[in-house]
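Chemist: With chain P's structure known, arrange chain U with the ligands on it following the hints.
There are 2 protein chains.
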Amino acid sequence: KARTVKESTYSNRGMTLEEDLNESNQYYLSHDIAVVHKKPTPVQIVNVDYPKRSAAVIKEAYFKQASTTDYNGVYRGKYLDFEAKETKNKTSFPLQNFHEHQIHHMKQVVKQQGIAFVILMFTAAEEIYLLKAEDLFPYWEKMKQDGRKSIPKKDVEEKGFLIRYGFHPRIDYIKIIDKLYF
Amino acid sequence: KARTVKESTYSNRGMTLEEDLNESNQYYLSHDIAVVHKKPTPVQIVNVDYPKRSAAVIKEAYFKQASTTDYNGVYRGKYLDFEAKETKNKTSFPLQNFHEHQIHHMKQVVKQQGIAFVILMFTAAEEIYLLKAEDLFPYWEKMKQDGRKSIPKKDVEEKGFLIRYGFHPRIDYIKIIDKLYF
Ligand SMILES: [Mg+2]
Ligand SMILES: [Mg+2]
Numbered sequence: 018k019a020r021t022v023k024e025s026t027y028s029n030r031g032m033t034l035e036e037d038l039n040e041s042n043q044y045y046l047s048h049d050i051a052v053v054h055k056k057p058t059p060v061q062i063v064n065v066d067y068p069k070r071s072a073a074v075i076k077e078a079y080f081k082q083a084s085t086t087d088y089n090g091v092y093r094g095k096y097l098d099f100e101a102k103e104t105k106n107k108t109s110f111p112l113q114n115f116h117e118h119q120i121h122h123m124k125q126v127v128k129q130q131g132i133a134f135v136i137l138m139f140t141a142a143e144e145i146y147l148l149k150a151e152d153l154f155p156y157w158e159k160m161k162q163d164g165r166k167s168i169p170k171k172d173v174e175e176k177g178f179l180i181r182y183g184f185h186p187r188i189d190y191i192k193i194i195d196k197l198y199f
Numbered sequence: 018k019a020r021t022v023k024e025s026t027y028s029n030r031g032m033t034l035e036e037d038l039n040e041s042n043q044y045y046l047s048h049d050i051a052v053v054h055k056k057p058t059p060v061q062i063v064n065v066d067y068p069k070r071s072a073a074v075i076k077e078a079y080f081k082q083a084s085t086t087d088y089n090g091v092y093r094g095k096y097l098d099f100e101a102k103e104t105k106n107k108t109s110f111p112l113q114n115f116h117e118h119q120i121h122h123m124k125q126v127v128k129q130q131g132i133a134f135v136i137l138m139f140t141a142a143e144e145i146y147l148l149k150a151e152d153l154f155p156y157w158e159k160m161k162q163d164g165r166k167s168i169p170k171k172d173v174e175e176k177g178f179l180i181r182y183g184f185h186p187r188i189d190y191i192k193i194i195d196k197l198y199f
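First to last, the sequence lines map onto chains P and U. The numbering of the first sequence is full-length UniProt numbering, which starts it at 18 and goes up by one. The numbering of the second sequence is full-length UniProt numbering, which starts it at 18 and goes up by one.
Chain P on its own, in the form it takes in the complex (with noise of 0.2 Å):
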């Protein structure tokens, strides 16, 4: 069955975290204070028409799998990139939230002296934390040796980054990656 939808409905899960960060990159952007943009959702297209006298229209396509994160940008001649995730969970965050070329792709990042980190926001509490991706790395390779599946909301708390929810920027990661990296 067909639904019409708008185009930043897809996810329910993370629709407002992600309209909270773009509101802050568009603030960060007109206040010449950072240039980040959120990547296209990357569509493999299979069948376009081309009507005589209007739009072409993509009539056959697929979602794909991202080869990176959703963001990146440059803050002060740097380069920056992160992923956003939001969970429900109270006590943990589940790390099936990532995918493995997200985090190969972090890594990469990290080993080009790029600055790169993730937004996790546990939305029953409503706290956002910005996590580095080094803190992230060690998680993820304990469960792929058959370790727990998520990092404890305590470790978040005491390796990551309390983001204070603002009014306008929202999302204010900005000044905690001036004091990490500056």
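Calculated from the structure, these hints are not laboratory results.
Note that the list lumps identical chains together, so a pair holds whenever it fits in one copy or between two copies.
Calculated lysine to aspartate or glutamate pairs in the DMTMM-like style (CA-CA distance at most 20 Å, straight line): (1) LYS124 - ASP49; (2) LYS55 - ASP87; (3) LYS128 - ASP49; (4) LYS76 - ASP66; (5) LYS196 - GLU174.
Modeler: Chain U with the ligands in isolation, oriented as in the chain P frame:
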């Protein structure tokens, strides 16, 4: 009339250059030299079919104007951002190959101390140049003030940097970046 197309054949213009850049970026990635990806084509999705037991099919979607350039990434910690264009023109590079929002984006990147440039290919001469965004902007501004709508090839030769076509990577633009910015 509907046509079945391969993902990468939308623009005939730019096809080979895009493939060569993808190959070069793949080379950089696998050799830990740089992490640069082409952004997905932005698409406005209107209607999606979710069949039982198989992948979601996008049934109606439209091409959207990109708000940034096509390529970005990280090299030695620094943010890289560029657009690649080609022309069949022998004596000048037409500026209508660029869009206002791409120029605007590159200006924002430069303000944020990122490295922004364009890769210009003259297909007849089989010559590829890297031109810093800062050296492109004045031509764009002059055009907007009713000036000439292209950059003379000799100006590209003088202000830009010839990238010799190679075997692997095919377009070694990082070599130029290295000399210019590090
Ligand atoms: Mg994502
Ligand atoms: Mg383009």
